[in-house]
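**Student:** Quick note on this note's numbering: the sequence shown kicks off at 5 and runs consecutively.
Keep in mind that a hint or two might mislead.
No farther apart than 30 Å at their CA atoms in a straight line, the calculated lysine-lysine pairs in the DSSO-like style are these [what the hints assert, rightly or not]:
#1 K203 <-> K56
#2 K137 <-> K60
#3 K203 <-> K137
#4 K203 <-> K165
#5 K60 <-> K73
#6 K165 <-> K60
It is worth saying that the hints were derived from the structure and are not from the lab.
What you are looking at is a predicted structure, and each value in this text was computed from that prediction instead of being measured.
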Amino acid sequence: MTRGCSASVVALYCFLLVGRADAQVNPVDLVTIEQSPEVCDDSGAPEPNRFKLYAKNDSANRRIAVNIKTDTIPAARSFVLYDSELAAFTEQFPTFYEHRLAPGGRTLIGCTHIYRTGDAINSYEAIRVQLTKEGAVFVDPTSPVPPPDIPLKFAALMIEKKDGGCPGGPRPRGLFHGVNTHPNRRVLVVTSVIDYQGKKQPAEGQDVISPQSTHLRLGCSNADHIYTRVGGIERAEFVGP
């Protein structure tokens, strides 16, 4: 049985025919990952061949939730990041994220590269990644909508590999960069500053970071009588759809 319908078939029969065909296949086979010629918006980041990746639902009438796996090339790289309160944690690839696709819908799921801090001062490393389907299910139209993502959970900091002239202290010496770990949404990150006496200054940095990217340096990881340090991420919010 084919899933197509000729123009002469009545609309109701066509709808039932396509629906019955969908029911006979694994929903993961109805999801296609497509590389777009669109370059990811990275505000002048160094990799011009970083292209957008989309997932497309080939079913005309069934909503699908697909689990997308993102892994680095070579596989299973890890990075030391810091959360909003400057607690260190390991970002370990592969990572997984569920996307919900409307019937016939298409959504951005990531890019062909991610960015993390590089070897030189104020530099980035463009890391090739591979996105694959790790499973999918049909979603009942009456099922509850998943809770929205929390921007602060995707906003992080990373210390660049060169010290950048920053003082030593309890954290590795260097400059903090903002990191957005979300696969397809930009995040506005607002950071605070602390002086060498431990006094917190008003939130001052406001940086919009593209999906799976890092941003220009935000400040030192430690403070002395000359340098202040980043005090943490005060708030984060998604920018755009």
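**Student:** Now, for every hint given, state plainly whether the structure supports it.
**Tutor:** Hint check:
no.: 1; hint: K203 <-> K56; in the structure: violated (42 Å)
no.: 2; hint: K137 <-> K60; in the structure: holds (12 Å)
no.: 3; hint: K203 <-> K137; in the structure: violated (48 Å)
no.: 4; hint: K203 <-> K165; in the structure: holds (27 Å)
no.: 5; hint: K60 <-> K73; in the structure: holds (15 Å)
no.: 6; hint: K165 <-> K60; in the structure: violated (38 Å)
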